[in-house]
Structure formats: C-alpha cells, structure tokens
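Student: Here is how the chains run, residue by residue.
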Amino acid sequence: MRPGAAATARHLGELQHATERTAPSCALSARPAWAYGSPHTPTNNGNTVITTQDLTKVYRTRDREVTALDGVNLHVREGEVFGVVGQSGAGKSSLIRCVNLLERPTSGTVTVDGQDLTALAGKGNDKRAGRELRAARGRIGMVFQHFNLLSSRTVLGNVELPLEILGHSGQERTRKARELLDLVGLADKANTHPAQLSGGQKQRVGIARALAGDPKVLLSDEATSALDPETTRSVLQLLRDLNKQLGLTVLLITHEMEVVKAVCDSAALMKNGRFTESGTVPGLLATPGSELARELFPVGGVPSAPGRTVVDVTFHGETTTEPVISKLSRTYNVDISILGAAMDTVAGKQVGRMRIELPGSFEDNVVPIGFLREQGLTVDVAAVAGSPGLPVPDDGGRRGPEDVRVEEGAK
Amino acid sequence: MSWSEIQPLLSQGFLDTLYMVGWSTLIAVLIGLPLGVLLVLTDRGGLLGNAPVNKVVGAIVNIGRSLPFIILLIALIPFTRFLVGSFIGPTAAIVPLAIGAIPFFARLVESAVREVDKGLVEAVQAMGGGTPTVVFKALLPQALPSLVAGLTTTVIVLIGYSAMAGTVGGGGLGSVAVQYGYQRFETSVMIATVVALIVIVTAVQLVGDAVVRGVAAHRGGAAGGAAGASGRLARLGRGRTVAVTAAVVVPLALIGYGLGTGGDDKQTLKVAASPTPHAEILEYVEKNLAKKEGLKLDIRKFNDYVVPNTATESGEVDANFFQHKPYLDDFNEKKNTHIEPVVNVELEPLALYSKKAGDLKDLTAGKTVAVPNDSTNEGRALHLLADNGVIELKSGAGAEATLGDVTDDKGLNFKELEAASVPRALDDVDAAVINGNYAVDTGLNPSKDALAAEKVKGNPYANFLAVKDGNQDDPRIKKLAKLLNSDEVKHFIENKYKGGIAPAFGPVGS
Ligand SMILES: Nc1ncnc2c1ncn2[C@@H]1O[C@H](COP(=O)(O)OP(=O)(O)O)[C@@H](O)[C@H]1O
Ligand SMILES: [Mg+2]
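Chains A and B supply the protein sequences, listed in that same order. If you're matching positions, the first sequence starts at 1 in the working numbering and goes up one per residue. If you're matching positions, the second sequence starts at 1001 in the working numbering and goes up one per residue.
Wrong hints could be hidden among the right ones.
Facing chain B, from chain A, some residues (calculated, C-beta under 7 Å) [claimed, not checked]:
{"id": "1", "residue": "100"}
{"id": "2", "residue": "106"}
{"id": "3", "residue": "134"}
{"id": "4", "residue": "152"}
{"id": "5", "residue": "162"}
{"id": "6", "residue": "165"}
{"id": "7", "residue": "196"}
{"id": "8", "residue": "379"}
{"id": "9", "residue": "382"}
Each pair of labels, with its calculated beta carbon distance range [what the hints assert, rightly or not]:
{"id": "10", "chain 1": "B", "residue 1": "1030", "chain 2": "A", "residue 2": "115", "range": "38 to 44 Å"}
{"id": "11", "chain 1": "A", "residue 1": "128", "chain 2": "B", "residue 2": "1078", "range": "34 to 40 Å"}
{"id": "12", "chain 1": "B", "residue 1": "1030", "chain 2": "A", "residue 2": "135", "range": "28 to 34 Å"}
Simulated from the structure, these hints should not be mistaken for lab results. Ideal placement from N, C-alpha and C gives every residue a C-beta, glycine not left out.
Just chain A, with the same shape it has in the complex (with noise of 0.2 Å):
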C-alpha cells in the first residue's frame, strides 16, 4: 500500500485531535433555500473531459413520462475524480448512462474527451448505436454495481472481450488482459470463473476490463454499493491509484458519502434529476450551507439553553491548527461551548468540522462571527431547534475559495 492510502481510507470516526464527537445521522438539510448563494460556472482550471449541456431524460412509459434528468450541466475535469451523490431515484444512473449514450439523452448534449457523442446516436426510433459510437465507447470505462461479468467466460476471457471487439489477436489480447489482472491484482485468477470470486475480486476484474480499451474516461456506477465496507474501501483505492498512476478521470455515481470523502476530487448533488450543488470537495466543504458539506461531515450537538446562537464552523488545511477559538473567546470575552466536533480528511486534506454555541441572539454575535470568517473559516449559523437561525448577512466573504456553485434546491 502507498504511504497516502492510510489516511484515504481513514474511518470517519477517526479523530487526531482532542476534540470530542458526537456523530448522529444528520438530516436532510431543513435550510431555507434563500440561503444559497446564486449560481455560477464553475471556472476552467485543466481540461474538461466529460460535460453534459443542459442534459434532460424523460422516461416515457404507456401511462406516465418520468423526468430522471432535469437540465443537468456537469464538468469533469481531466484527471479528477467526481463524485454523483444523491438518494435513490434522484436520476443519477440516467446521467452516467447518458455520458456514454447507454441511454438517449432527451435533449442537450454530451461530450468526452471532445467528441460531441450525442451527435453520433442514431436518428429517430432507431436504438442500434452506429460504428463511431460504439468506438467512442470503446474508450470510456464502464464499471457497474453488480460486476455484469460474464459466468460464461473465465476471468481472463471477460477482460479479452471488450479487447475481441476493439479487434486485437488473439495473442495481444492475452498479453494485454494478463497485464490489465495484473494492474488490479488478480493475476492468479485468470482462469477461474467469475462465480468462485469474492464480491471486491468480482469488482476488481471488471475494472480491468473496463480498462481494456486504454479509456481516458471510467465510468462507475455504484460501484461499491454492493461491497461491504471493508472491500469498499479496497476498491475505492485501487480507482484511487489508477486516477493517480494513469491519469485516469473518473465519474462515480453513489449514494454514499463515504465513497465521496474516500475518493472525490469534486461532487455534485442531485436531486430530483437537477444538481444542487456541485464543486470541488474543499471548495464544498467551505461553503455555507452546503448540504453536501453538511453530509460529508456531519458534526451534531444540541444547544444547551434556548436563546443562544449555534455555529458550525470548518477548518481547512492551515487554519485546522490555528487556535481561533481560543482567540476569539479571549478578543471577545464571550464563553464558548463546543457542542460537536470532528476532524477528518477529505480529498487528501485534513478538515476539521465544529459545531459551537454562543451566548445571546444572532444579532449579539455578528461582530464575533465576523471574526471567525475572516481567520479564513466556513462559518454556517446552524437551523437547530432552539436556535433563532436569523439570516446571515450576505456578504462576499461567504463565497468558498474555489468553484463551487450552490443552486437553489430544486423544486
């Protein structure tokens, strides 16, 4: 194992500070959706490799149409890792089998690696994809919830297959699937059947096949949903490994935010077939009122008396070891309780995440909130019953310090 994994496979629970957590499930965010910022594109550091124009799929069955994709804008930088997380039916699967034409977008576009491909799907009724889609798939990665290997093959012949379709010998072939087992570690099982594999080894070959076609672009579509967390986290690693050794860009799908702070470079949340947010992770986690934040670190902690104001505020990188707390009470003279902390890393940086309570109404702690924010901190004034929740000025200061880009839930 590489140095870093340890620390990317970190247990949430995991705490390098002396700070106390409390971890309860949090919910769905109950913020006013005024508190959102307004929307804005994302910025274009690097190459986008994957990006869906004003995406829509409308399922039309004999007695209703279902809206899976509402007009989704998605970005995907080469070499990132992006993470799709929403509940089950938000329309996550539509747009990662829309990214490679699985599914007939209803309008707008897709484009890979520069290609439009939405322009290559055949015309009218006709489903059959035509030769430039299907070689255009041919260098995208698919790899699926549950494995979708062939019981008919061995281990080596699913790997060959997509490499029959590109067309390579015989000989090539079997160079090249043993490699591919190789690069996973499954080198051994090369003629074994798919049924006398583990659920992580199952998952493992159909990686490699996946990356048979030299893809640029994997494609994963809940990958490790059908994984228990132990494997999970293994596999998680091994897409990890392959975005950093082969510069591979990877779009996952999940509806576990573990996968995203495991993994993810950047995340969107979908809901109802739109994103609600979407930005790099840090750039996320620095964003008030991002649910998304809120979700990957869930920090808890009750108020102690009513009449009091609750903050959540997170650290990034340099500031999680800066003592502000200590500051603020001493330039202040205010008594601060922690309700609530965690410390954690996300994407490879340390984050730290505190829930606080200070005396007096929101009105009474502008000024030390005001501080807070300008020690470079995210400072969120938390919906907690009890707490008066008033509107937080809108100021620049709240803008995270990458993209991110916070809609207005959808409706």
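Chain B with the ligands: place on chain A using the hints.
Tutor: For chain B with the ligands alone, coordinates are given in the frame of chain A:
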C-alpha cells in the same frame, strides 16, 4: 412374435426415428434459434425494438405452435413435395417434423435468452459492442445451459411427433408401436417399442441434463462450487467428451443413413402398402421370389389410406397394394385420380364371431352385435348379416349400407365401433363382425370360430395391386403381378394368416 422377428423391426424403427428426429432437430435449431433471438431483440425495449416485426414473428410462431401436428403434416404436403420432391418416406417426414419443432424451440430460445441479465447486455454495449457481439458473446453463451435444456425438450417432443410420421410412410419406432401393437395386437412388439422409446427418451434426457450440469459446473455455479477441483475437472472432462462425441457422431451417422436411404434406383419398383398384410406379402416376394425375376422392390409402409393413392397418382411410388375395388372407385371419383387395379391378391374376409353364442340362432332379440363404423366395413358387415338371415336390408341397399337401411333388425341392438377396436369389444357384446386380419391378430380362427363369413370367390373386397393408368404394362409391374399370384404366395398367405386373410388371386372384376 419372437424376439428374432421383433429385433429387425426395432432396429429399423430406431434408425428411422434417429434419422427423422436428428435432422428435424438440426433444422429446428438452425431456424428456431435465430427466430427466438429475434423475438427477444425486436421486443419493446429490446436492442432492435421493432414492434411490427415482433408481432408478425410472434404470430407466426403462435400459429405454428397451435396447429396439431397431424394437421400440420397433411397441410404441409404440397410444401414438402416442393422441397424434397416427394412427401412420403422418412426424408419427407423431416419437413413437417422440423416445421412443427421450429416454433416450439423458438419459444424456448426466447425464454432462455430473456433470462440473461440485462446488465450483461449493457456491459457489452458499454464496451462498444454492437448487436451481433451482444448476441454471440453474451446472450447465447450465457443462455447456453437453458438452451441445451430446451434442445433436450425439443428432441423428446420430436420423438413423440415422429410416431405420427407413419402416416406419410416415415416409419420409426412410434409407428411400429401403432402398426403392430395397436392394429395387430402384437403386444410383445408394442411393449418392445414402447420400452425402446422410454430408453431413448431417458437417454436423451440424461445426456441433456449431464451437459447442462457440466456447463454449470464448468462455470463454477453452485454445483461446481461444492465439489473439489479434481472432481470438477473430471466431470468437466466427461461432459466435454460426451458433448464432442455426440456433436461428431450423430451428424455423421445421420448423413450416412440419409445417403443410404436416399439411394434411388430406376430399376427399383416403389410400392406403397399397408403394413399388414400387404407389406408383409411384398416383403415375402422381395426376399424369396423377386431376385430370380430380376425385380427389386422398395416397399413403403403407410398407416393411412389416402397417401398411397395420391403418391401413386403423382408418380412418387410406382404402385400400391392396400385397397379394394369399392374404395378405389370412390377414391378415383372424389379425388379425380386415375388409379387402376392390376391383379387381385388377397381378401380379408369379414366374419361374425361370438364368445357367447354357438350358433346364429342364438342371436335372439335383445342381444347386442358390434359392427365396424366406417362406411365400407359397416356396409360389408350388414350385407354379411343379411346374407345369413340375421337381419333384413332394404332391397337395393348398396355397398355402403348403414343401420338406416335395416328393415328388420330382429330385435338386435347394434354397436358401431372403429374396425380395429371391434375385436377388443368381443367380450362385452354377444357377437361382433370383425375383419379377418384383426380377428387373427386377436387369436381368433376364422375357419373354426366364425359363425358366418364372407365368401372369397367373387368378393368385391379383394385387395389388389394398383398402378396409375397407363403403367399396367410396365414389365416390372407385370413381373410383380405374376409373383403375387404365384403358388408360393398362396402358401405363404395360407400358412401365415391361417384364414384371417385368404388368397384371392385373379383379375379384378369390374
Ligand atoms: N428505463 C426507465 N424507464 C422508466 N423510468 C425510469 C427508467 N430508468 C429510470 N427511470 C426513472 O427515472 C428516475 C431516475 O432513476 P435513476 O437514474 O435510476 O436514479 P438513481 O440511479 O439515482 O437511483 C426514477 O424515478 C426511475 O424510476
Ligand atoms: Mg442507480
């Protein structure tokens, strides 16, 4: 019948069955497999989603599946003739068998392919595979165990269907069982053929199951997971050997056999005949007399009374030997054919039998008499009864007299039964009019047990050799006619049928 007599029937029947079932299975697979796959692909949401094609193919398949096989067999006669040049014989029987099995197998393929996880299809598509790749690399290999199971079922159904192939002279074990077991009361033959069929069906099922299990074990399914690696390998080896051997041997054997039966010699005289006694008499001639005359016979057996005439009319056979004058006259008129009798050979005299009455006088009012229910035999039976004073018929009642023509039944009750079943009913009635051949088969002796019998001399129901008009002077026909009226044949008939069938030689009266 003794084993030495049964054995050749069995082995010929087995070869015919193997030949017909083997080829029809092959054809059913070649056509049914793509059809089944097409049904899945064109279905709504399928890879080639195409509702019109799906509906049409589905409808054709359903029609094919709902037709009773025997109807299909007859309905396909023109098509069969177009395809193989003839509609009789084992080769021709393959056509309806295959066509009957295609929709059956297609539906089995459809359900087998539908079982394949949609995720696999998606995986292949995501790799850039097109529809052919999906079909050949994912759907078919994944469905293989179910496909083999479906194939096993199809072969077994075809073995069942092939029993009806006797109608078109296809032969096979099933028709041996019907001819000898049902119609001739040769219980030993029936048991032997039925046992042979059970053995074959069981063997097919066992081999099919073994292959399915072998494939599953090979893929490391539940069966393979439990056993040790060595056991798995051994079983895999065996499964493969069985499959490969079958794949090589069966088609080779079929081709060989097909060529064997396909040999068509211009010198050979093709004669269509009912299995008993006609084919037996012809076989006697072929074995013992024909060679000396330089005559070669190809004897085709038919359970049916229409096909031999239509085959003679169309020239697919040179002659037939199964019918009597009243039947032929009616047939020629109704079917507009031109079949002409050549020479009378034998008569199956109808006779009245009883297990209860010792004399005609015992048939008093209230007694029950069974008679055949087909128009010819019933007419003959009523005339026999009238000639012997048991009943009185309307004056001028024709050959096809019915119970309606009886003017005085003397208080008797009549029971009309299928000719072949009348002997079975003898214990349940007071007397029965039975065809000579059926009587002998049930162990009755026409000369001793009959209360009354038809006269042989001048009997219009004598069976003759017949040809299409114009072929009467074919030298081969003349030779055969001469042999059929020879002393040797006379002795053969007398010895073999013991009065149930009587020699009735000579020209056919008009
Ligand atoms: N093939 C389909 N036909 C009809 N409705 C579908 C189909 N696939 C998905 N949907 C609907 O679209 C919505 C989004 O589904 P999906 O993309 O699978 O969400 P997720 O992966 O986030 O669970 C759901 O309401 C689902 O029922
Ligand atoms: Mg899903």
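Student: So does residue 1030(B) sit 28 to 34 Å from residue 135(A), Cβ to Cβ?
Tutor: Distance hint for residue 1030(B), residue 135(A) holds at roughly 33 Å.
Student: Answer holds if the nearest beta-carbon of chain B is closer than 7 Å to that of residue 379(A); otherwise answer violated.
Tutor: violated, 44 Å
Student: Given a cut of 7 Å on the nearest C-beta pair, is the interface hint for residue 165(A) held or broken against chain B?
Tutor: With a closest approach of 5 Å, the residue 165(A) hint holds.
Student: Verify the interface restraint on residue 152(A): the C-beta must sit less than 7 Å from at least one C-beta of chain B.
Tutor: holds, 4 Å
Student: Interface hint check: residue 134(A), Cβ to nearest Cβ on chain B, cutoff 7 Å. Holds or violated?
Tutor: holds, 4 Å
Student: Evaluate the given range 34 to 40 Å for the C-beta pair formed by residue 128(A) and residue 1078(B).
Tutor: The hint (34 to 40 Å, Cβ to Cβ) holds, given that residue 128(A) and residue 1078(B) are roughly 39 Å apart.
Student: Given residue 162(A) as an interface hint, is its Cβ closer than 7 Å to any Cβ of chain B?
Tutor: holds, 4 Å
Student: So does residue 1030(B) sit 38 to 44 Å from residue 115(A), Cβ to Cβ?
Tutor: holds, 41 Å
Student: If you take the shortest Cβ to Cβ gap from residue 106(A) to chain B, is it below 7 Å?
Tutor: violated, 16 Å
Student: Go through the hint on residue 382(A) and say holds or violated, using the shortest Cβ distance to chain B against 7 Å.
Tutor: violated, 42 Å
Student: Hey, does the residue 196(A) contact hint survive, CB to chain B under 7 Å?
Tutor: Because about 4 Å separates residue 196(A) from the closest Cβ in chain B, which is inside the 7 Å limit, the hint holds.
Student: Should the hint that residue 100(A) touches chain B count as held when the rule is a Cβ pair under 7 Å?
Tutor: holds, 6 Å
Violated hints for the displayed structure, listed by number in ascending order: 2, 8, 9.
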